[in-house]
Amino acid sequence: MPATTFQGLSPARAVVRPDIPHAVRGRFRSIKTVLAGLMLGFFFLAPWLRWERGPALPGQAILFDLPGRRLFVFGLEFWPQDLPIAVGLMIAGALALFFATTLAGRVWCGFACPQTVWSDLFFAADRLIARLVGKGALERRLRTAAWISIALATGVGFTAFFIDAPSLPGLLLSGRAPAIAYATVLVLTGTTWLLAAYARERVCLHMCPWPRFQAALLDRQSFVVTYQDWRGEPRGRKRDMLRPDLANPGRTPGLIALVADATAFSAPVRGDCIDCTRCVTVCPTGVDIRKGLQMGCIGCGLCIDACNEVMARLERPAGLIRFDVESAQAAPGFAPPRLDWLRPKALAFGLAALLAFGLSGYGMATLADVTAHADPQRNPPFVRLSDGSVRNDYALRLAHRRAELARVVIHAEGLDGAQLRLGTLDRPPTGALTVTVGAGRSLDERLLVLLPRDAAPHGRRDFTLVLTDPASGEELARVPSYFWGPES
Numbered sequence: 002m003p004a005t006t007f008q009g010l011s012p013a014r015a016v017v018r019p020d021i022p023h024a025v026r027g028r029f030r031s032i033k034t035v036l037a038g039l040m041l042g043f044f045f046l047a048p049w050l051r052w053e054r055g056p057a058l059p060g061q062a063i064l065f066d067l068p069g070r071r072l073f074v075f076g077l078e079f080w081p082q083d084l085p086i087a088v089g090l091m092i093a094g095a096l097a098l099f100f101a102t103t104l105a106g107r108v109w110c111g112f113a114c115p116q117t118v119w120s121d122l123f124f125a126a127d128r129l130i131a132r133l134v135g136k137g138a139l140e141r142r143l144r145t146a147a148w149i150s151i152a153l154a155t156g157v158g159f160t161a162f163f164i165d166a167p168s169l170p171g172l173l174l175s176g177r178a179p180a181i182a183y184a185t186v187l188v189l190t191g192t193t194w195l196l197a198a199y200a201r202e203r204v205c206l207h208m209c210p211w212p213r214f215q216a217a218l219l220d221r222q223s224f225v226v227t228y229q230d231w232r233g234e235p236r237g238r239k240r241d242m243l244r245p246d247l248a249n250p251g252r253t254p255g256l257i258a259l260v261a262d263a264t265a266f267s268a269p270v271r272g273d274c275i276d277c278t279r280c281v282t283v284c285p286t287g288v289d290i291r292k293g294l295q296m297g298c299i300g301c302g303l304c305i306d307a308c309n310e311v312m313a314r315l316e317r318p319a320g321l322i323r324f325d326v327e328s329a330q331a332a333p334g335f336a337p338p339r340l341d342w343l344r345p346k347a348l349a350f351g352l353a354a355l356l357a358f359g360l361s362g363y364g365m366a367t368l369a370d371v372t373a374h375a376d377p378q379r380n381p382p383f384v385r386l387s388d389g390s391v392r393n394d395y396a397l398r399l400a401h402r403r404a405e406l407a408r409v410v411i412h413a414e415g416l417d418g419a420q421l422r423l424g425t426l427d428r429p430p431t432g433a434l435t436v437t438v439g440a441g442r443s444l445d446e447r448l449l450v451l452l453p454r455d456a457a458p459h460g461r462r463d464f465t466l467v468l469t470d471p472a473s474g475e476e477l478a479r480v481p482s483y484f485w486g487p488e489s
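Counting from 2, one number per residue, gives the positions in the sequence shown under my numbering.
It is worth saying that the hints were derived from the structure and are not from the lab. Since we're looking at a predicted model, the values are computed, not measured. Be aware that a few hints might be false.
[Unchecked claim] Below, simulated SDA-like cross-link-like pairs (lysine to any residue); rule was C-alpha separation at most 25 Å, straight line: (1) K136 to A126; (2) K346 to G293; (3) K239 to R26; (4) K136 to I151.
Take these sequences, add in the hints, and give me the full structure.
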């Protein structure tokens, strides 16, 4: 996107960008701090939250149970077949991101992106150490130690979402943790160190593809960080005379455009910008927003806070740098910016995101409590027993999300005279088979279905396995399958 230009725009003096962005206070810094605190708090503390699910089930509130192929989120339990819900949530999140970008530019990058949050954490550690011990060898050693500590904590914190968090430190220190746990900690520690301690703003400027995509989402009514060059130019020193139209803001817009050119005055005059470069030294990516909107701007608003601090000391109105629409430069004035929500592109993304969230929520609300599958074993398709009866074998898989369900009764509907038993139990077959579901809420067994010789079909016959709760009589699931008999 081309940089905004202005007649009489002053060249900025050379800015020596600090290695560590300067600290700043203000509205947007406070918002960033609160959001970063919430995100970091969730990341590091969520695995330690407990949730009672009963015996033989994990007591961690949020846990990716990879061996059991389940995801636990407080009272919810997700299985691999629930993947469409996860896809729906990702689509909804992407649409919400498009909606936010259309309205307010790269606010995701500036306030919620993990790269920004972790880089901000490393910057804060750097500033704290420099303030406590000053510059020197001790500062470098302490800073390296802080980087290692944060990176290692990030690796362990991420791994804790997959292994019981209270047990994880002991397992890691004693050498009893799975090899994949050590690999995960090592990879996350290394990538955190590399991206947040060294690459930092280079990720935003060169590695991340999102700045290249946002141009298709922005329009001239999108809120972006803008420098109001109509009031900032020409830049000058604090002791220079302020432009008369700024000192007397009741002048007409036409006069504003005329006197903004420094050549209109014989004596040195300046706009509101005193070229202190404070807006550059606080920027995480080192962008000089006075050159116009640039791909490197992540929309964090820290330059706004810095400039407002300077304007307050100069007793000038805030907003020399502010969130505004680019088209506002064509109609300069001190009126507060207005965000137009009712734009076709924004409405389309917003409604699509709401629809995707709604469908995903409906999917979660209607998740089946019990799922069952009975896959016929085709090698051989049937077995003729010594008494003439015919047997078919099935791989029975049962899983449920109910805390109180301990037993299930199974019978065959549409297969008169059928007798059932589990292959692992040495019990006589029965017409209504009662099976015990383990505390892990799942069952994977070999199911045997037998028919007397005179009831066996010639070829294939469809039937349904019906699962009921013996305590309440509630029908839990119906599993269609088929029984194969001798054709002659």
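Which numbered hints fail: none
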